[in-house]
Amino acid sequence: MIRRQQRLLRIANVAQEFLAAKTAADWLQSRQEADPCFGNQFGWEAKAGIAFGENLEATYIVRMYAEFEAGLRDYWKTHLKRDTHPRMMELVRHAIPNQMFSQDAIDDADDVREYRNHLVHDLEDEVPEGLRAFSVAEAKRCLCPYFARLDARWQ
Amino acid sequence: MVPKREEFVLDVRRAARVAEKPTVIADSGLVNPDAIAKTIYRAALWLTPKIVENYYPAEFSDLPPELRESLTRAVEAFRAIAGKVPADQPATAEQFARGQDAFRTLLAITRDVVLGEWRHAVDGLLRDTESWAKKLGWVTKRVQKGLSETLLGSYELPQLLMHAAPDLYVLDPVARFVPGAAGAFDLSVQPSFYMISLYRDFSGSWYAHHDVGQGVSNGTRDVWSEDMLKKCVEELGALQ
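Those protein sequence lines, which keep their order, are chains Z and G. Residue numbers for the first sequence follow this note's numbering, so the first one is 1 and each next one is one higher. Residue numbers for the second sequence follow this note's numbering, so the first one is 156 and each next one is one higher.
It should be emphasised that the hints constitute simulated quantities derived from the structure, not laboratory data. Note that this is a predicted model, so its numbers are computed, not measured. Hints should not be assumed to be uniformly reliable.
[To be verified] Here are some chain G residues the structure puts well away from chain Z; computed CB gaps all over 12 angstroms: (1) GLU214; (2) GLU231; (3) ARG259; (4) HIS275; (5) TRP287; (6) GLN299; (7) LEU316; (8) ASP322; (9) ALA337; (10) GLU389; (11) LEU394.
[Said to hold, decoys possible] Pair by pair, the computed Cβ-Cβ distance ranges are: (12) ASN13(Z) with LYS300(G): 24 to 32 angstroms; (13) VAL298(G) with GLU17(Z): 49 to 57 angstroms; (14) GLU224(G) with ARG141(Z): 35 to 43 angstroms; (15) LEU200(G) with ASP122(Z): 17 to 25 angstroms; (16) ASP322(G) with ALA148(Z): 41 to 49 angstroms; (17) ASP382(G) with GLN5(Z): 28 to 36 angstroms; (18) PRO220(G) with ARG87(Z): 43 to 51 angstroms; (19) ASN117(Z) with ARG228(G): 34 to 42 angstroms; (20) LYS81(Z) with LEU200(G): 34 to 42 angstroms; (21) LEU302(G) with VAL120(Z): 31 to 39 angstroms; (22) GLU90(Z) with PRO245(G): 55 to 63 angstroms; (23) GLU162(G) with GLN29(Z): 49 to 57 angstroms; (24) GLU17(Z) with LYS300(G): 32 to 40 angstroms.
The beta carbon of each residue, even a glycine, is placed where N, CA and C say it ideally should be.
So here's chain G without its partners, still in its complex pose (with noise of 0.2 angstroms):
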């Protein structure tokens, strides 16, 4: 089950998606494709107070009260904003003005807070890995990824490499957007296209997934660990 805070954060997530403009491709002459897309962004379908439902000021006590406040001030102004566009007539441009405002002011906090937590548990995540690496004896190296994501926009995250001799592993960012959880990283043996996922739940545990294709609900679910990693790494090791 996904909890509030993470629907709250997908809520905000999808509306972002349907926020960006929209690209428009016209084949016949006839058609104006900035008319259309003018269109389609002035629609407003982000503009709706139901992003914020699922908006619960506790879900969020962890953070530091200014960022927490922050939130919460952002929420409230773009539902006063959002609750005033009637449901079945398009938002007038002072609305649609006063709108894209507020959304862009919650979008930036949202991104804030997903990103700080999503920065803190892949650290987490790494800090970790690099210990049990170095115990087995094996040379890791951080590397800079760049990745982007609805919500998030660009932003950059490490790699780590691991040499476990004779083989070159790596630990590599997926997406902090995934189905199902809240973050996911793949455990490669280069040069191949084997890899074995892991993620994190949304209480914020790594597993290492196995069997991925059987399918999502068949594979095998381990909580990530010292001597799951080896085991990975040796499961990897004899696909190549």
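Pulled out of the complex, with its shape left as it was, chain Z reads as follows (with noise of 0.2 angstroms):
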């Protein structure tokens, strides 16, 4: 398999995560609605579980976005032999695109390296005008084409 396969293929195991994820966050609910003090037996408090099932599509877009980050940083190191570090705004916008990518891949990868931010910096504030939000789905269908216009020749 080519590289570029593989770390796409981590991004989108990201996505079946959390679809496992939100099976369990939605039988936990289940259980809490039935017993709030569920959790009390596992050391954790209802608000813990509450959280849990809010903050889940967050916390896997967060993790999607650090595999798709990865891969582009180890795509500009091993790939492009560059021995430098620029902010993930220039890398996504800029530096790795050239005319095999459309404008609208650049723009959507870029959209939610933007939402990442938001979430990791002002997770409890509301989403600020002209962000866009995203969902697990979304953010997948939104890195990935991104991540196949990269050089196959990567090795």
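Each of the two chains sits in its own frame; use the hints to bring them together as a complex.
Here is the structure:
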């Protein structure tokens, strides 16, 4: 399997893990609804169970983006042979894309980057004006097409 | 350097992207996603005369007079409304509604202009490539492909299949909007991941971009020609 495909699979695997975690979260919610103190026997309080469900999507978007970032930095270093460490905004928008990338693919990935930064830094705030919010499935749909345009000769 | 005509088109494209109603997902039941989406939508980040500040009618002198006049009227109508919205305040409901109408008209006409010239350019590329392929003794076939891009929406363009025995090569449209160019195609050998990029510069000439793995600035650029088609096919075939 070529390296690009390996990296794409890692992103896709996070989306699969999220679905498994969502199933578990739904099950946990139903247990908590039946018994609000359900978590006590395992050492956690009811509010932790609620927060788990509420933050699940954001948690997996941050994880998915971490795979995307690790993949791009690997490409930058091992395929493009660069020893610099540009900011992700610079990598996503300018340093890596060439004419093989559609502008929409670049913009979509960059929107996920901005949303992930919002999640990491401003978790309690509302989504600000002009910022696009994503579900895990949408984030995958935006990050994978970008990655799919990387050079297949990357070893 | 990006020509003024393209700067105008890119400004309208960026505004079209901002104007798309955002998707809002809320994990908490206390947050109303519709209310947030409405707020963002009504913020009308696109309702600014900056969007059309790079419009110069002379840059579109090649268009049919009727289309050129429609574009100029749409730009002027949008500028008149957007110019009245204070930079430090949100648009009023009336300004928003009128601005939205003018913006839709501007998008529709700009789309017609861009899609018309893009289709024309693609047809030229494919006709040239088909004729060279036939001279080389290869069998060709066109197949329609669906694309979707900001500003242009959903549309179809032909892919060109070329059977240069023993391999099948595909000249496949990527997008009209790509970084630093006015359209791109992939030339690939099937089945494989390998491809060479073809792109159209802002003067309308097509180039093959080799060694794209070396980064934007280090690739080799060659004018698209019969010799280049043959060379690219040989290079891709060797990667099989």
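Verification of the supplied hints:
| no. | hint | result |
| --- | --- | --- |
| 1 | GLU214 | holds (20 angstroms) |
| 2 | GLU231 | holds (26 angstroms) |
| 3 | ARG259 | holds (20 angstroms) |
| 4 | HIS275 | holds (20 angstroms) |
| 5 | TRP287 | holds (21 angstroms) |
| 6 | GLN299 | holds (18 angstroms) |
| 7 | LEU316 | holds (20 angstroms) |
| 8 | ASP322 | holds (16 angstroms) |
| 9 | ALA337 | violated (10 angstroms) |
| 10 | GLU389 | holds (17 angstroms) |
| 11 | LEU394 | violated (8 angstroms) |
| 12 | ASN13(Z) with LYS300(G): 24 to 32 angstroms | holds (29 angstroms) |
| 13 | VAL298(G) with GLU17(Z): 49 to 57 angstroms | violated (37 angstroms) |
| 14 | GLU224(G) with ARG141(Z): 35 to 43 angstroms | holds (40 angstroms) |
| 15 | LEU200(G) with ASP122(Z): 17 to 25 angstroms | holds (19 angstroms) |
| 16 | ASP322(G) with ALA148(Z): 41 to 49 angstroms | violated (22 angstroms) |
| 17 | ASP382(G) with GLN5(Z): 28 to 36 angstroms | holds (33 angstroms) |
| 18 | PRO220(G) with ARG87(Z): 43 to 51 angstroms | holds (48 angstroms) |
| 19 | ASN117(Z) with ARG228(G): 34 to 42 angstroms | holds (41 angstroms) |
| 20 | LYS81(Z) with LEU200(G): 34 to 42 angstroms | holds (39 angstroms) |
| 21 | LEU302(G) with VAL120(Z): 31 to 39 angstroms | holds (34 angstroms) |
| 22 | GLU90(Z) with PRO245(G): 55 to 63 angstroms | violated (32 angstroms) |
| 23 | GLU162(G) with GLN29(Z): 49 to 57 angstroms | holds (51 angstroms) |
| 24 | GLU17(Z) with LYS300(G): 32 to 40 angstroms | holds (33 angstroms) |
Of the numbered hints listed earlier, those contradicted by the structure are 9, 11, 13, 16 and 22.
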